[in-house]
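Chains as they are written, first to last, in this note's numbering: chain S, 1 to 348; chain D, 1 to 348; chain E, 1 to 348; chain X, 1 to 348.
Among the hints, a few may not be true.
You can't tell identical chains apart in this list, so a pair holds if it fits in one copy or across any two.
Restricting the straight-line Cα-Cα distance to at most 25 Å, the calculated cross-link-like pairs of lysine-lysine (DSS-like) are [to be verified]:
#1 Lys-251 <-> Lys-303
#2 Lys-338 <-> Lys-117
#3 Lys-207 <-> Lys-266
#4 Lys-122 <-> Lys-90
#5 Lys-303 <-> Lys-117
#6 Lys-230 <-> Lys-251
#7 Lys-251 <-> Lys-227
#8 Lys-90 <-> Lys-266
Keep in mind that the hints were calculated from the coordinates and are not lab data.
Number of protein chains: 4
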Amino acid sequence: MNKLKCGVVGATGYAGAELVRLLLNHPFTELAAVSSVSYEGQTYPDVFPAFAGVCDLPLISSDELFESRCDVVFTALPAGITEEMAYKHKGLYSLLIDMGSDFRFDDEEIYEKWYGKPYAHKELHLNSVYSIPELHRDNIKADTAIIGNPGCYPTSIALGLMPALKNALISSDGIVIDSKSGVTGAGRKLTQETHYPDTNESFNAYKAGSHRHTPEIEQTLSQIVSKSVKVTFVPHLLPVNRGILSTIYAKFTEGASLSSVYEAYKSAYKDEYFIRLEPLGTSANIRNVRNSNFCSISLHEDKHTGTLIITSCIDNMVKGAAGQAVQNMNIRYGFDEKTGLTTVPAIF
Amino acid sequence: MNKLKCGVVGATGYAGAELVRLLLNHPFTELAAVSSVSYEGQTYPDVFPAFAGVCDLPLISSDELFESRCDVVFTALPAGITEEMAYKHKGLYSLLIDMGSDFRFDDEEIYEKWYGKPYAHKELHLNSVYSIPELHRDNIKADTAIIGNPGCYPTSIALGLMPALKNALISSDGIVIDSKSGVTGAGRKLTQETHYPDTNESFNAYKAGSHRHTPEIEQTLSQIVSKSVKVTFVPHLLPVNRGILSTIYAKFTEGASLSSVYEAYKSAYKDEYFIRLEPLGTSANIRNVRNSNFCSISLHEDKHTGTLIITSCIDNMVKGAAGQAVQNMNIRYGFDEKTGLTTVPAIF
Amino acid sequence: MNKLKCGVVGATGYAGAELVRLLLNHPFTELAAVSSVSYEGQTYPDVFPAFAGVCDLPLISSDELFESRCDVVFTALPAGITEEMAYKHKGLYSLLIDMGSDFRFDDEEIYEKWYGKPYAHKELHLNSVYSIPELHRDNIKADTAIIGNPGCYPTSIALGLMPALKNALISSDGIVIDSKSGVTGAGRKLTQETHYPDTNESFNAYKAGSHRHTPEIEQTLSQIVSKSVKVTFVPHLLPVNRGILSTIYAKFTEGASLSSVYEAYKSAYKDEYFIRLEPLGTSANIRNVRNSNFCSISLHEDKHTGTLIITSCIDNMVKGAAGQAVQNMNIRYGFDEKTGLTTVPAIF
Amino acid sequence: MNKLKCGVVGATGYAGAELVRLLLNHPFTELAAVSSVSYEGQTYPDVFPAFAGVCDLPLISSDELFESRCDVVFTALPAGITEEMAYKHKGLYSLLIDMGSDFRFDDEEIYEKWYGKPYAHKELHLNSVYSIPELHRDNIKADTAIIGNPGCYPTSIALGLMPALKNALISSDGIVIDSKSGVTGAGRKLTQETHYPDTNESFNAYKAGSHRHTPEIEQTLSQIVSKSVKVTFVPHLLPVNRGILSTIYAKFTEGASLSSVYEAYKSAYKDEYFIRLEPLGTSANIRNVRNSNFCSISLHEDKHTGTLIITSCIDNMVKGAAGQAVQNMNIRYGFDEKTGLTTVPAIF
């Protein structure tokens with residue numbers, strides 16, 4: 001088999017760099033091109049010395065990258081830019097996987113409400129698919145042109161809630177989601193909030209009740225229960241490099257119990273390699289998914305208020321970004337989903 | 001004025017050491033004695049070299065400490081031990097401030113339910129007072145013999161909720177509290193969970209829905225609204241040394257709004273030196289209370305679900321333990337409440 | 001006594017902020033004015049919410065600050081700027097303490113060699129004094145107009161070496177100094193190197209053999225032995241907020257031993273409150289000086305190579321910057337040197 | 001080809017766990033057995049949940065492990081225990097790779113001096129080989145029964161010094177080595193020094209001038225120059241999980257210069273995949289080798305003292321332990337040395 005020729009647009013951000021790392025270890029891909037606006041003209045190891053000898057590619061422009069006719073182009077860009085790029089270079093890629101937010105929404109109105117503008121090229125969205133593989137893998141067809149790769153928070157949350165919601169073991173009303181993300185989630189761009197002495201030994205909520213991942217979360221949960229779901233979602237900045245843990249609070253429905261919920265999760269995820277249901281009585285920890293594509297879920301109950309407590313964690317850069325993108329690529333090309341993603345978590 | 005002669009039982013734990021630090025800087029106290037089971041016979045700087053020259057006291061037994069007839073004895077001990085000690089040495093102290101859990105409950109049944117045994121000496125509880133100063137300072141009388149110093153989580157939560165609850169701006173039903181604590185909160189005792197490589201870059205919930213601080217939280221909230229309040233409470237272990245941040249979710253009552261809530265907090269806390277209401281649009285951060293006795297509160301709303309989001313943070317070792325103990329002592333002896341507690345937060 | 005009216009130029013950097021924190025707790029000073037180029041027009045708590053209610057001053061320009069006629073002006077500015085400011089506003093201050101590098105050198109040629117320009121106002125240097133108090137306090141006179149506050153690395157190193165050098169117990173040739181500094185030492189300005197995910201879990205040397213603190217170190221050591229001393233100095237960036245630890249390697253002279261060195265240190269520092277000589281067999285740790293003005297020194301030997309190993313540590317923001325500035329101010333005005341500087345280290 | 005059947009004795013320590021992780025990803029090995037004294041009878045995921053589904057082996061005794069007749073047994077044990085085990089189970093393994101210190105010394109006297117006892121079974125040492133592959137790979141023969149895997153500090157130091165020493169570009173006298181290691185280097189056993197709040201934001205030297213790795217370092221350096229070399233070695237505890245950086249100071253010999261040294265390193269390591277010589281002007285950083293088997297070396301000079309400054313860093317758990325063990329196994333069995341070790345560093 002010829003290897004898939006891959007390009008990464010925005011390869012000098014954190015998600016881009018993680019993707020480069022994963023593609024270099026993938027047996028069926030050839031990393032052919034990397035682009036960057038900020039570092040165009042330099043080589044990849046000029047920016048990241050750790051890649052010397054394993055990826056010595058020059059950083060080119062996105063135009064050049066598309067013109068090099070990769071089979072798969074991954075984009076890791078701020079909102080709005082990918083859509084234009086995908087349109088401009090249509091025909092120059094067989095698959096584009098966007099790790100940004102341009103192709104995550106079924107409903108243009110929702111996109112417009114949260115991102116402040118309508119779709120520029122509606123037709124692109126017709127052949128695009130949003131995919132958390134464990135929930136949407138069947139939507140990816142052999143000719144899917146664009147995959148909207150999910151956000152990190154929404155991935156941890158949808159995987160954490162699906163079996164309980166689908167089996168009506170919890171109420172879809174009043175769900176509260178308290179998420180905590182490592183600092184790579186805030187990107188590689190310099191800000192005072194992510195300057196080391198200001199972040200280290202610090203902790204705070206941000207965008208409480210107004211984070212742009214909210215509509216993406218609600219879209220997936222609504223699909224699961226086939227009705228509109230609204231959630232309260234508050235993210236926090238956690239002083240670690242990697243990892244997201246979402247603590248999710250929902251009310252048991254009549255007759256549901258922790259053990260029935262546990263059985264539902266066991267059954268729903270029994271064939272899912274990347275989902276790890278932790279034994280009752282133990283707690284999911286971001287340490288146990290670090291550097292891996294696993295999602296670890298633990299279930300707890302507060303009996304005296306009838307509340308199911310779900311903690312769901314992923315590595316925000318892998319299952320929350322680059323790893324899931326590779327997983328989606330694997331599905332699209334008929335590879336085993338695990339290909340290139342079997343790294344055991346680095347527990348320390 | 002003669003200085004108050006103070007003793008610290010359990011002075012080699014984190015809360016004990018922080019108290020020693022504070023008492024050494026307090027203008028009206030003399031640190032006269034420190035005790036420790038594990039290090040008895042050594043000097044304080046043998047255990048903590050940082051105190052060389054500023055506190056060279058020998059570590060004695062608790063019996064010896066009580067016999068040295070301190071005015072104020074602070075106890076920082078595991079549950080159950082202080083009660084016995086307070087009884088045995090009755091008459092040998094004018095005030096005992098327990099930083100443990102023995103004197104935090106009005107209702108013996110609740111204590112028994114969560115701690116597995118009834119009170120050993122009921123009469124001691126008759127003249128003991130539980131006090132988060134901003135809520136209970138008037139309960140402390142000139143002859144109060146025992147003060148039950150509040151837990152760290154309950155302090156951050158009660159201060160965060162009081163004005164909204166008291167003014168009926170939120171429902172007292174369905175409150176969800178997601179708390180995150182620095183590792184000093186887990187104590188100085190060695191455990192695998194707090195071994196550096198296992199804690200660093202890690203994050204997890206623990207005792208979800210079953211933490212012993214739950215009844216203490218509910219006791220205070222119930223007093224505020226004069227009816228039984230039940231909450232869902234989940235603590236998490238945060239990879240920082242100090243600080244607790246509680247994110248609290250509650251439903252607005254009819255007619256309440258973020259701005260009316262904000263006004264209620266402003267009014268409730270206008271004379272409280274240690275409470276800092278952050279401007280709307282900003283987020284409380286544990287960095288901004290580090291090493292200080294302040295409690296920082298920020299208010300947020302999720303309009304689309306009608307949810308008030310409160311983040312309340314304290315330094316778990318100061319306002320959450322030793323600082324609040326000093327504040328309670330100040331009240332009991334008629335000192336300005338701020339005495340010895342005016343350190344400006346160490347923001348880095 | 002009237003309180004000294006103090007102003008801080010460059011109050012929004014880390015050293016400036018730490019100085020503000022210390023001055024607010026100093027019994028004989030009144031913090032009257034703070035200036036900032038970047039944040040002029042905002043209030044101090046706009047930049048640092050932790051100071052709300054304790055320092056609500058507006059951030060003004062440095063011109064305005066000088067015109068407000070403070071007794072003492074502290075400057076925390078990049079190299080070269082203070083000299084101009086001190087000249088321009090001559091007569092508007094009784095004492096100027098520069099925490100930058102403009103007044104640290106006796107020899108203009110050395111300054112010019114390392115900073116690329118000669119002195120702009122030579123006359124200012126005639127009445128300026130460089131002072132690590134434990135070494136130079138007698139140089140500060142009642143009419144000293146300018147104090148050049150030492151650099152952080154040089155402070156840890158000079159205090160660590162003085163007794164051994166002065167007593168000729170080590171050779172002044174071939175001294176190797178390996179220093180490690182917390183990230184606040186790199187300043188509050190944003191850089192990729194100090195972006196949280198790039199600094200956290202990282203460690204590296206920087207400016208190996210060419211750091212600008214080298215001539216300052218050599219100036220002090222040369223004074224001690226009254227001959228030219230050259231050292232090899234390599235700083236490293238340590239992923240902590242605060243603290244410097246310098247590990248210093250020197251050859252014992254004939255007849256010298258660890259115990260004779262230990263006695264020399266004990267004797268040299270017996271009256272120095274801020275110098276802590278750790279017991280033989282223990283190691284100095286930045287934890288034990290955190291947030292304090294102490295310098296902790298431990299002595300070790302490598303018998304098989306005849307090497308004395310000194311580890312000397314300080315809090316880079318306190319004894320290495322703001323605390324030492326306050327200590328110098330205390331000397332100049334005849335206060336007890338410890339005034340405002342008795343905080344016990346925060347060991348966690 | 002049949003896969004090599006591998007067993008790990010001491011699989012629940014950090015080095016053991018990292019080895020398990022690497023062996024699970026190695027194409028030519030089958031992880032057949034894991035042993036542990038502390039956790040015997042539990043399964044591997046009981047101790048490390050992160051391995052659920054990828055390594056569900058039971059933790060057995062070392063006797064059982066040897067009796068299961070693995071081809072390769074890796075031992076990660078405290079000093080002295082492996083030698084007995086290797087003797088007792090002779091014939092039950094084709095290769096034993098000891099990650100401890102029992103087979104690191106050519107000279108029994110040195111072992112006895114530093115470890116307090118003579119060899120128990122001298123004959124075992126006759127067919128054992130110490131191997132940092134880049135220096136000693138030719139010593140490994142097809143029938144080598146025991147490989148003494150090098151210590152973490154010695155690996156970083158020997159690789160950092162070899163080309164300069166071998167080419168006589170530096171003096172072998174007066175070498176000073178200042179090393180800093182992440183906390184996994186201190187092991188998984190609980191100690192107060194590695195309790196999170198005591199380690200976090202802390203930094204100190206330990207065993208200055210008397211660390212047991214000193215003789216191992218000197219043995220290798222002495223072999224390189226064919227004469228006895230003595231070094232001054234001071235390790236420090238770095239508050240990160242992984243990584244060692246050694247800063248090495250040596251005097252240039254007559255005529256040597258930074259550029260001639262650089263050329264010597266380029267030439268010496270031109271065919272070494274795992275050695276990365278960083279461009280002049282840049283600094284090696286533990287971040288750039290994290291989770292990988294690379295060793296990154298940067299060269300610097302202090303012209304005014306004629307000193308070469310080498311910084312050499314590795315991941316202490318990979319190139320400093322488990323990765324190097326796999327590399328040695330690859331050599332012994334004729335695999336490509338890189339097999340199973342091509343993970344790109346995780347730079348964040």
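Verification of the hints:
1. Lys-251 <-> Lys-303: both (10 Å within a copy, 21 Å between copies)
2. Lys-338 <-> Lys-117: neither (37 Å within a copy, 50 Å between copies)
3. Lys-207 <-> Lys-266: Answer is between: at 22 Å across copies they meet the 25 Å cutoff, but 34 Å inside does not.
4. Lys-122 <-> Lys-90: Within one copy only: 14 Å inside, 68 Å across.
5. Lys-303 <-> Lys-117: between (45 Å within a copy, 22 Å between copies)
6. Lys-230 <-> Lys-251: Both. Shortest intra-copy (14 Å) and inter-copy (14 Å) distances satisfy the 25 Å Cα cut-off.
7. Lys-251 <-> Lys-227: The answer is both: 17 Å in one copy and 22 Å across copies each meet 25 Å.
8. Lys-90 <-> Lys-266: Answer is neither: 42 Å inside a copy and 45 Å across each miss the 25 Å cutoff.
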